[in-house]
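Enquirer: Construct all of the structure, not just a fragment, from the sequences and the given hints.
Protein chains in written order, with the working numbering: chain A, 1 to 278; chain B, 1001 to 1310.
Note that these hints are calculated values from the structure, not bench results.
Be a bit skeptical, because a hint or two may be false.
What the hints assert, rightly or not - If you want the ones that stay clear, here's a sample from chain B, every Cβ over 10 Å from chain A, calculated: (1) L1054; (2) R1073; (3) H1081; (4) C1096; (5) G1249; (6) C1300; (7) R1307.
Claimed, not checked - Pair ranges (Cβ atoms, derived): (8) A/I186 / B/W1158: 50 to 58 Å; (9) B/V1108 / A/E173: 49 to 57 Å; (10) B/G1157 / A/Q215: 33 to 41 Å; (11) B/V1127 / A/S28: 37 to 45 Å.
Glycine included, every Cβ here is placed at the ideal spot set by N, Cα and C.
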Amino acid sequence: MRSRNLPLVVGALLLVAVAGATLVETVSERDAETRVDVAQRLQPPSRAHPWGTDDLGRDVLVRVLAGGRIALEVGTVAVGLGATAGVPLGLVAARIRGWPSGVLAYTMDALMAFPAILLALAMIAALGPGHVQAMVAIGLVLVPAFWRLARAQALVVWNREFVEAARALGAAEGRLLVRHVLPHVIPVLLVQATTAFSGAILSEASLSFLGLGSQPPTPSWGRMLQEATAALGVAPWMALFPGLALGVTVLGVNLLGDGVRDALDPQMRRVLPPGSIV
Amino acid sequence: MRIVRVLGVVPTAIMAATLAFVLLRVLPGDPVTLLLGMEAPPQEASVLRHSLGLDRPLWEQYVAWLLDLLRGRLGTSLSYHVPVATLVAERLPVTCSLAAASLALTVVVALPLGVLTAARAWSPVDVGVLAVTQAGLAVPSFWVGILLLLLFSVVLGWLPLQGYAPLGQGPWEWARHLLLPSGALAAARAAQLTRFVRAAVLEELGRDYVRAARGKGLGERSILLRHALRNALIPTVTVAGLQFGYLLGGAIVVEQVFGLPGMGRLVVQGIYARDLPLVQAAVAVLAVLVCAVNALVDLCYRIMDPRLDA
Chain A
1 MRSRNLPLVV GALLLVAVAG ATLVETVSER DAETRVDVAQ RLQPPSRAHP
51 WGTDDLGRDV LVRVLAGGRI ALEVGTVAVG LGATAGVPLG LVAARIRGWP
101 SGVLAYTMDA LMAFPAILLA LAMIAALGPG HVQAMVAIGL VLVPAFWRLA
151 RAQALVVWNR EFVEAARALG AAEGRLLVRH VLPHVIPVLL VQATTAFSGA
201 ILSEASLSFL GLGSQPPTPS WGRMLQEATA ALGVAPWMAL FPGLALGVTV
251 LGVNLLGDGV RDALDPQMRR VLPPGSIV
Chain B
1001 MRIVRVLGVV PTAIMAATLA FVLLRVLPGD PVTLLLGMEA PPQEASVLRH
1051 SLGLDRPLWE QYVAWLLDLL RGRLGTSLSY HVPVATLVAE RLPVTCSLAA
1101 ASLALTVVVA LPLGVLTAAR AWSPVDVGVL AVTQAGLAVP SFWVGILLLL
1151 LFSVVLGWLP LQGYAPLGQG PWEWARHLLL PSGALAAARA AQLTRFVRAA
1201 VLEELGRDYV RAARGKGLGE RSILLRHALR NALIPTVTVA GLQFGYLLGG
1251 AIVVEQVFGL PGMGRLVVQG IYARDLPLVQ AAVAVLAVLV CAVNALVDLC
1301 YRIMDPRLDA
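Expert: Structure below.
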């Protein structure tokens, strides 16, 4: 690995900061993020409430930190779902021939042509609004991307000589797949996973902003921003801090992805010097 | 040959319509239960089931749905009690205006910025622009919208806070209402396209024909604009065109910030109201539209680069 991979370091630091702050909030005070205090409603940032309070007198800083937990959960669950469904399907698709493979490829390509938010919305319409439904919908939307990448990568690796050699030595198909093909597919998928992770966080925020993701009083960043639009003139801090937290988290994941890509394949980015932060 | 390529959109469009059907009819969950609630009297449920055609076999429903869609019959909305086609005809121009204005804004910002940063690669200006685009990619469009609203409508009071003015009320009002939403929607896309144009121009600048042009004494300006940019434009058109689909998707969310009466609000309200025919038809229309735009982009790409048809 490169000795100075700035995006990797900065991205990882940002994420550790977000996760750490979230963790501190989680262990410090039970249910502080949903504690209503009407006497303290719409207070500007102060010593007692560094990021102000919302329309129900809840502390914005505490809610933003609790929202980090939701965001990281959504990213993990959705990417986990997308990868566990998409990758095996892709690996299998790389080995099958004939019309089933064609139909599958056509379907997946067509699915990828649609904006993710439209697919997620259609799925929410079928499943009903909710936090779990949103995670499932976002995870399913991620399946085609994982499928396509796993299949493309596996197609290349299956034809490499070392796979041929292992087969000649009598290795069974399953062993070839797990011990020889999969290790070469995983690095590329790692980069894809970071892209999917930040995309999942943004999608969840969008769905919650539309009122179709996590429901009150769960402090999802998207939901908080929706509540903020109603009080934009009187309490701009309600709109500022959740969005800032969202941006910092996504930036961290994106940088981490760039860093992983640089580290794994320095040739992929000849145009930009590897290890550069931008 | 090109015609054949364009006809390729037909199966994709059918696929889009199928998708809307499958998602809302085949997934677990009974639409009638969704509509009436668990405790609805069975008689009422069966009447609604029949009027929606849900008591027929699934394949029959599917064929009927495709044929109706082809004839522009989108069914009747359960919450608005008017034909869905009327609602779509009202709302689609808003969403398309927003997406088109955003696309124009994206290209107007990204193209010069991408060329400039490629020409001055790794200068402070370039690094600054790259940093800004990296940040632009990380923030959601609706948050950018909220910030723009805060600055230009709440604090400065220059632009309207909410709503939409049709083009019929004069282009000035129309533009005033669309400026902030399209700006919000364009921000992330412009960031992405700037980075793409920069990379594409830089790649062209490294090619042999550029070295040949320099060798024969051509000025840098001419090399950049007449040679490198022209070649870099081919992939750029594709990327910009494919962004239109994402802009349509993003418009769904941004409409909500600015109170624009577009397709996004229609779909979201339809989901709240459990208005199955409305959601199904609106999703299908948007999906088919994305397919059509993608096919158009493909055609443009082939006209610009005839080598692909050879």
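Enquirer: Now look at each hint and say whether the structure bears it out.
Expert: Hint by hint, here is what the structure shows:
1. Every CB of chain A lies more than 10 Å from the CB of B/L1054, the least distance being 14 Å, so the non-interface label holds.
2. The claim that B/R1073 is not at the interface with chain A holds, since no C-beta of that chain comes within 10 Å of its own (minimum 20 Å).
3. The beta carbon of B/H1081 sits about 19 Å from the closest Cβ of chain A, which is more than 10 Å, so the claim that it is off the interface holds.
4. The beta carbon of B/C1096 sits about 14 Å from the closest Cβ of chain A, which is more than 10 Å, so the claim that it is off the interface holds.
5. Not every beta carbon of chain A lies more than 10 Å from that of B/G1249, the smallest distance being close to 3 Å; the non-interface claim is violated.
6. A cut-off of 10 Å between C-beta atoms confirms that B/C1300 is not in contact with chain A; the least separation is 16 Å.
7. No beta-carbon of chain A is positioned within 10 Å of the beta-carbon of B/R1307; the least distance is around 23 Å.
8. Taking 50 to 58 Å as the suggested C-beta distance range, the pair A/I186 and B/W1158 conforms, at roughly 52 Å.
9. Hint check: B/V1108 to A/E173, Cβ distance near 54 Å, so the stated range 49 to 57 Å holds.
10. Our hint of 33 to 41 Å for B/G1157 and A/Q215 holds, since their Cβ atoms are close to 34 Å apart.
11. In this structure, B/V1127 and A/S28 meet the distance hint of 37 to 45 Å, their C-beta atoms being roughly 39 Å apart.
Hint check: a violation occurs at hint 5 only; the rest are consistent with the structure.
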